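Line order of the protein sequences matches chains A and B. Quick note: the first sequence, position 112, residue 112 per my numbering, numbers continuous. Quick note: the second sequence, position 39, residue 39 per my numbering, numbers continuous.
If you're looking for bench data, these hints aren't it; they were derived computationally from the structure. Treat the hints with care, since some could be wrong.
Cross-link-like lysine-lysine pairs, in silico, DSS-like; alpha carbons within 25 Å at most [unchecked claim]:
1) A/Lys179 / B/Lys86
2) B/Lys13 / A/Lys152
3) A/Lys124 / B/Lys13
4) B/Lys86 / B/Lys13
5) A/Lys57 / A/Lys16
6) A/Lys57 / A/Lys124
7) B/Lys116 / B/Lys86
8) B/Lys79 / B/Lys116
9) A/Lys152 / A/Lys179
10) A/Lys152 / B/Lys78
11) A/Lys179 / B/Lys78
12) B/Lys116 / B/Lys78
13) A/Lys179 / A/Lys168
14) B/Lys116 / A/Lys179
15) A/Lys5 / A/Lys16
Taking beta-carbon pairs under 8 Å as the criterion, some of the chain A residues facing chain B (in silico) [said to hold, decoys possible]:
16) Arg3
17) Ala91
18) Thr125
19) Leu127
20) Val129
21) Asp130
22) Val134
23) Arg138
24) Ala146
25) Asp149
In this text, all values refer to a predicted model and were calculated from it rather than measured experimentally. Glycine included, each C-beta is placed from N, C-alpha and C at the ideal position.
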Amino acid sequence: MFREKLEQEFAARRAKNPRHSLRAFAAFLGADHSSLAQILRGRRRAPAAQIRAWARKLGLTQEEAAVYIAAEHVPDEATAHRQHQLRHWTAEALGIVSEPAHWDILRLSRTVEFEPDSRWIAQKTGLTVDQVNVALSRLLRLRLLAIGDDGKWQDLAEQAITERQFRKLALARVRQMAKE
Amino acid sequence: MGNPVVQFQILSKNPDQTAQFYSSLFGWEVDSNNPMGYRRIQTGSSEGIQGGIWPAPPQAPTFAQLFMAVEDVAAAVKKAEGLGAKTIIPPTTLPEGDRMAVMIDPQGMTFAVCRKM
Numbered sequence: 001m002f003r004e005k006l007e008q009e010f011a012a013r014r015a016k017n018p019r020h021s022l023r024a025f026a027a028f029l030g031a032d033h034s035s036l037a038q039i040l041r042g043r044r045r046a047p048a049a050q051i052r053a054w055a056r057k058l059g060l061t062q063e064e065a066a067v068y069i070a071a072e073h074v075p076d077e078a079t080a081h082r083q084h085q086l087r088h089w090t091a092e093a094l095g096i097v098s099e100p101a102h103w104d105i106l107r108l109s110r111t112v113e114f115e116p117d118s119r120w121i122a123q124k125t126g127l128t129v130d131q132v133n134v135a136l137s138r139l140l141r142l143r144l145l146a147i148g149d150d151g152k153w154q155d156l157a158e159q160a161i162t163e164r165q166f167r168k169l170a171l172a173r174v175r176q177m178a179k180e
Numbered sequence: 001m002g003n004p005v006v007q008f009q010i011l012s013k014n015p016d017q018t019a020q021f022y023s024s025l026f027g028w029e030v031d032s033n034n035p036m037g038y039r040r041i042q043t044g045s046s047e048g049i050q051g052g053i054w055p056a057p058p059q060a061p062t063f064a065q066l067f068m069a070v071e072d073v074a075a076a077v078k079k080a081e082g083l084g085a086k087t088i089i090p091p092t093t094l095p096e097g098d099r100m101a102v103m104i105d106p107q108g109m110t111f112a113v114c115r116k117m
């Protein structure tokens, strides 16, 4: 980030001259010193136009300035993590809302004829084996299904007796796990 | 026995194309004739480890996971959680008797612990 570059430059100038002030550094850059102070403290980001101008003052090439400008558009790690989490849990919820495969699998698992075999489930539901396995993985992730030591499938959403009730339960589980 | 890496798994948004690509590239054999329809990869060598392909969830990119062998899957999960890992899929027994759990380590990498039959 450009803030680190400014910090390095300021530190280098102070190493040469301990009396070099932030006000003097701001004057060199042609910047407002309180704005520069906020940028250095990480309270605000350097605007792209100023990065270009300041980079020139610091002797950077246009290409180097362009890298710093691009870096300012990349979300920081905390923001990227939040976005990743939001994308993950939204996709889990969307899968539950839009794909009936989850309910189909649980419904079938409650029948006497049930076979714990993705190919058999696919045949019964008209889904592909991959669609069954994506839904199966989601049911396991959301703790709506478990497969025990004996290989038996355990329906953990048995209180849901309709598809509507299942979706409600599953979405509540998504919310709960997202909070955790 | 130690805890060797015993398997790799590719989670792919398009498992058929992934199987096709690596079969064409390396001559790997991919066989999905098993209860989970799991695409098992035979690399054709006794060196290294064998693998598999599983469909990736829509929110994930295509990525690879390592499976580490453990004596007791539940105990390994508990230990990993104590070290800061999170459990994605709790200990689960697969139709042919293998037991596995999928976790995410504190740095965000997913991995699996397993006990083969």
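Okay, the hints, checked on the actual structure:
1. A distance of roughly 14 Å separates the Cα atoms of A/Lys179 and B/Lys86; the hinted pair therefore holds under the 25 Å criterion.
2. With a CA separation close to 28 Å, the supplied pair B/Lys13 and A/Lys152 exceeds the 25 Å bound.
3. Restraint check for A/Lys124 and B/Lys13: satisfied, since their Cα atoms lie roughly 24 Å apart, inside the 25 Å limit.
4. Among the hinted pairs, B/Lys86 with B/Lys13 is consistent with the structure: their alpha-carbon atoms are about 23 Å apart, no more than 25 Å.
5. Annotation: proposed proximity of A/Lys57 to A/Lys16 holds, straight-line Cα distance about 18 Å (limit 25 Å).
6. Between A/Lys57 and A/Lys124 the CA atoms are separated by roughly 70 Å; this puts the pair beyond 25 Å, and the hint is violated.
7. The straight-line distance between the Cα atoms of B/Lys116 and B/Lys86 is roughly 22 Å, inside the 25 Å bound, and the hint therefore holds.
8. Of the supplied pair hints, the one linking B/Lys79 and B/Lys116 holds, its CA atoms being roughly 19 Å apart against a limit of 25 Å.
9. A C-alpha spacing of about 30 Å is found between A/Lys152 and A/Lys179, which places the hinted pair above 25 Å, so the restraint is violated.
10. This hinted pair checks out: A/Lys152 and B/Lys78 have alpha carbons roughly 22 Å apart, not beyond 25 Å.
11. A threshold of 25 Å between alpha carbons decides the hint, and for A/Lys179 with B/Lys78 the separation of about 21 Å falls inside it, so the pair holds.
12. Between B/Lys116 and B/Lys78 the alpha-carbon distance is near 19 Å, which keeps this suggested pair within the 25 Å criterion.
13. This hinted pair checks out: A/Lys179 and A/Lys168 have alpha carbons roughly 17 Å apart, not beyond 25 Å.
14. With a C-alpha separation of about 34 Å, the suggested pairing of B/Lys116 with A/Lys179 is violated against the 25 Å cut-off.
15. A hinted pair counts as satisfied when its Cα atoms are at most 25 Å apart, and A/Lys5 with A/Lys16 qualifies at roughly 17 Å.
16. A cut of 8 Å between beta carbons decides the hint on A/Arg3: the least distance to chain B is about 25 Å, and the hint is violated.
17. Of the supplied interface hints, the one on A/Ala91 holds, with its beta-carbon coming within about 3 Å of a beta-carbon of chain B, less than 8 Å.
18. A least Cβ separation of about 13 Å between A/Thr125 and chain B goes past the 8 Å threshold, and the interface hint is therefore violated.
19. At its closest, the beta carbon of A/Leu127 sits 11 Å from a beta carbon of chain B; the interface hint therefore is violated under the 8 Å criterion.
20. Hint on A/Val129 holds. Least Cβ distance to chain B is approximately 4 Å, under the 8 Å limit.
21. At its closest, the beta carbon of A/Asp130 sits 4 Å from a beta carbon of chain B; the interface hint therefore holds under the 8 Å criterion.
22. At about 5 Å, the closest approach between the beta carbon of A/Val134 and any beta carbon in chain B falls short of 8 Å, and the interface hint on this residue holds.
23. Interface restraint check for A/Arg138: the shortest CB-CB distance to chain B comes to about 7 Å, inside 8 Å, so the restraint holds.
24. Taking 8 Å as the C-beta contact cut-off toward chain B, the hint placing A/Ala146 at the interface holds, the least distance being around 7 Å.
25. For A/Asp149, the suggested interface contact is upheld, since its CB lies about 6 Å from the closest CB of chain B, less than 8 Å.
The structure is inconsistent with the numbered hints 2, 6, 9, 14, 16, 18, 19, although it conforms to all the rest.
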